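Protein chains in written order, with numbering that gives the first Met the number 0: chain A, 0 to 266; chain B, 0 to 397.
To be clear, the hints were calculated from the coordinates, so they are not data collected in a lab.
Careful: at least some of the hints might be erroneous.
[Claimed, not checked] Per the computed footprint, the stretches of chain B lying under chain A, defined by three or more beta-carbons under 8 Å from a beta-carbon of chain A, are:
hint : segment
1    : 95-108
2    : 125-139
[What the hints assert, rightly or not] Label pairs and their computed distance ranges (CB to CB):
hint : chain 1 : residue 1 : chain 2 : residue 2 : range
3    : A       : L124      : B       : H35       : 53 to 59 Å
4    : A       : S170      : B       : G96       : 17 to 23 Å
5    : A       : L54       : B       : V132      : 44 to 50 Å
6    : B       : R178      : A       : A121      : 25 to 31 Å
7    : A       : S170      : B       : Q136      : 20 to 26 Å
8    : B       : T37       : A       : T77       : 20 to 26 Å
9    : A       : F80       : B       : V89       : 48 to 54 Å
10   : B       : A152      : A       : A8        : 50 to 56 Å
11   : A       : V95       : B       : A40       : 38 to 44 Å
12   : A       : T77       : B       : R178      : 25 to 31 Å
[Unchecked claim] Pulled from the structure, derived: some chain B residues nowhere near chain A, Cβ distances all over 10 Å:
hint : residue
13   : T26
14   : L41
15   : D112
16   : L115
17   : R153
18   : L191
19   : G204
20   : E209
21   : A210
22   : F221
23   : A246
24   : A274
25   : P326
26   : T390
No experiment lies behind these values; they were computed from the predicted model shown.
For glycine and all other residues, C-beta sits at the position ideal for the given N, C-alpha and C.
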Amino acid sequence: MSGGRLFRALLWGALAVALVFLALPLVAIFVEGGPGELLASLGEPGALDALRLSLQATTVALVVIVAVGTPAAWLLATRSFRGRAIAITLVELPLVVPPAVAGIGLLATLGPAGLLGGAIAATGLELVFETAGVVVALTFVASPFYIRQALAAFGALDPALIEASRTLGASEARTFARIAVPNALPGLVAGGALAWGRALGEFGATLVFAGSLSGVTQTAPLAIYERFSDDFTGALALSAVLVAVSAAILLGVKLASGARVLGDARA
Amino acid sequence: MLALEPGHTPGKRVQRRGCRWLQREHTPGALTLEAHHTLEALELDLCLEVGASECLALAGPSGAGKSTVLRIAAGLAEPKRGRVICAGEVWLDSERGISMPPDRRRVGFLFQDYALFPNLSAWRNVAYGMDGVARAQRRERAVALLERFGIGARADARVPTLSGGERQRVALARALARRPRALLLDEPLSALDTRTRASASRELGILLREARVPAILITHDFEEAALLSDRVAVIDAGKVVQTGTAAELGAAPESAFVADFTGAVILAGEAHSCADGLTEIALDGGGTVRSTGVAGGGVASGGGTSGGGASGRVAVTVHPWEISVEPAGAAGEGSAQNRLTVTVASVSPVGNRVRVGLLAPQPLVAELTDAAARRLELAPGAVVVAAWKATATRLVVR
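This is chain A alone, in the form it adopts within the complex (with noise of 0.2 Å):
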């Protein structure tokens, strides 16, 4: 009795570090700073808009992540064809690649000297040193957290939905748009969620690829790590903002689809 007892203690003693841990550090960057001074290092060129190219970029990577992993998702949750446990590894090697090593890949694939560097080039896009990298660097660093989730949700609907849409005469394609994707979006916004949550926090790929433009290519973790040297409060509030909007897009998620979604996507 005593030993269970005991256990039980230990429960909740590891999950009160767990939320320490955690949570001290996102609560100190408020604390640190203090309002005012916060509010006041967010007027400074180059925080604001280092703030606006962080958003506009997450929602392109994830606009293109979305369009492209939902069918690709729903292929591989659907399909059985040989390749099929590689494919899914290739989508998940991101996942463990560090980030500057991403950066590094993406170099040598559509830098000006990289694999496709020519093909790019022709077409007149700059990606290096532009914008328009940035959105590749997000892309590629976060769209598995969106196609594994997306996978997950789509191999656990119900055969049986499926098949009732097609013997009712609809089309794979209808029945994709009309039972598959609709009974499957708690998990799709869930995966949504986890893939934004990783580009808005990119750093690594972004640097090595897209360079830190002031403007250009320098998303809101890159201005962060370029004032915590000499202008620690500057660095505070920006982080402060993300720590805000984070939390802000988690919790509608949440409410949004029911306080289930990140739970249990199955659900």
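Please arrange chain B on chain A, whose structure you already have, making use of the hints.
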């Protein structure tokens, strides 16, 4: 003629007959299906024909391939070799490389758990399959269909708020909304509780009569099959082992499985032929019964395949309503030749009758009226005599 040569099972006979249907001119409006397919442990090899407004019940143990047959008909599964023809339209012909996708076969498929779309309201589920109906009229049509099943008031309800019975009706309405050329029903009543089953079964009967299209109904329940279908095909291990009306199956089961499915009592024993043309069976565990049947012949009265008698391992089958219960020590002056002294194991009322479990020592079940059970003062432990006629005793080779 008990011993059938190996390979000549009744199933093969039925199957060959079924396949010939496909060679002949197609019966107008009928659904014919021929499939040869190996799926993991299951080797599917069968032919079925369902008449233009006939309902064929498909019965068999789990894993016999019943659901696969429906899925092949609907195009949700494709056999290695096979043909599906519905109302003259070729849905599948593997030899000619024809395989119509499921959305182009006009079937009304009722899934075991109904598979209603949780993201759509009841009426939108029904309207989902309507093609050629103007957008503005869809709601009206869907609600009218729901009203026919008595749940018009639930048209705007979301699926998670529907009860099991309501779901079944929405699913039926949805299957009909497409004006199907064939109905495929996968255990349509199994997801319902016993209270809802009776009314749902009535509704299903109405649907089957009104639809006037070939229907295949998978069921585990003989009464359901007898009530809803015109003909029953029993399949086992991917093959049709017997087809016939429910009454024919009940009267002349060709295998122990069919006998069991029809609710008959099955007793194992050793058969010997007698001089008078009857077969005498020494039951395992004691007791002897006599039968006019010949094992495998399937005709209880012995007509047509009479003579001979039988020998070897057999299963004796008799229906619970053919067994009468008499007090122990009764003279037994009636016509019943089979009289076993048995112990009452259980007495349970079922509807307007009583099912009495008996130990002979093999288990037996007799069905009596309530009044008879009371008159005999039946209670567990009582010793009585179970009696039935040799002509009601069917034999099946083990």
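Taking the hints in turn, this is what the structure says about them:
{"no.": "1", "hint": "95-108", "in the structure": "holds (count 9)"}
{"no.": "2", "hint": "125-139", "in the structure": "holds (count 3)"}
{"no.": "3", "hint": "A:L124 x B:H35: 53 to 59 Å", "in the structure": "holds, 56 Å"}
{"no.": "4", "hint": "A:S170 x B:G96: 17 to 23 Å", "in the structure": "holds, 21 Å"}
{"no.": "5", "hint": "A:L54 x B:V132: 44 to 50 Å", "in the structure": "holds, 45 Å"}
{"no.": "6", "hint": "B:R178 x A:A121: 25 to 31 Å", "in the structure": "violated, 55 Å"}
{"no.": "7", "hint": "A:S170 x B:Q136: 20 to 26 Å", "in the structure": "holds, 22 Å"}
{"no.": "8", "hint": "B:T37 x A:T77: 20 to 26 Å", "in the structure": "holds, 23 Å"}
{"no.": "9", "hint": "A:F80 x B:V89: 48 to 54 Å", "in the structure": "violated, 28 Å"}
{"no.": "10", "hint": "B:A152 x A:A8: 50 to 56 Å", "in the structure": "holds, 54 Å"}
{"no.": "11", "hint": "A:V95 x B:A40: 38 to 44 Å", "in the structure": "holds, 39 Å"}
{"no.": "12", "hint": "A:T77 x B:R178: 25 to 31 Å", "in the structure": "holds, 28 Å"}
{"no.": "13", "hint": "T26", "in the structure": "holds, 23 Å"}
{"no.": "14", "hint": "L41", "in the structure": "holds, 19 Å"}
{"no.": "15", "hint": "D112", "in the structure": "violated, 7 Å"}
{"no.": "16", "hint": "L115", "in the structure": "violated, 8 Å"}
{"no.": "17", "hint": "R153", "in the structure": "holds, 19 Å"}
{"no.": "18", "hint": "L191", "in the structure": "holds, 17 Å"}
{"no.": "19", "hint": "G204", "in the structure": "holds, 22 Å"}
{"no.": "20", "hint": "E209", "in the structure": "holds, 19 Å"}
{"no.": "21", "hint": "A210", "in the structure": "holds, 15 Å"}
{"no.": "22", "hint": "F221", "in the structure": "holds, 26 Å"}
{"no.": "23", "hint": "A246", "in the structure": "holds, 32 Å"}
{"no.": "24", "hint": "A274", "in the structure": "holds, 60 Å"}
{"no.": "25", "hint": "P326", "in the structure": "holds, 55 Å"}
{"no.": "26", "hint": "T390", "in the structure": "holds, 47 Å"}
Of the numbered hints given earlier, the model fails hints 6, 9, 15, 16; all others are met.
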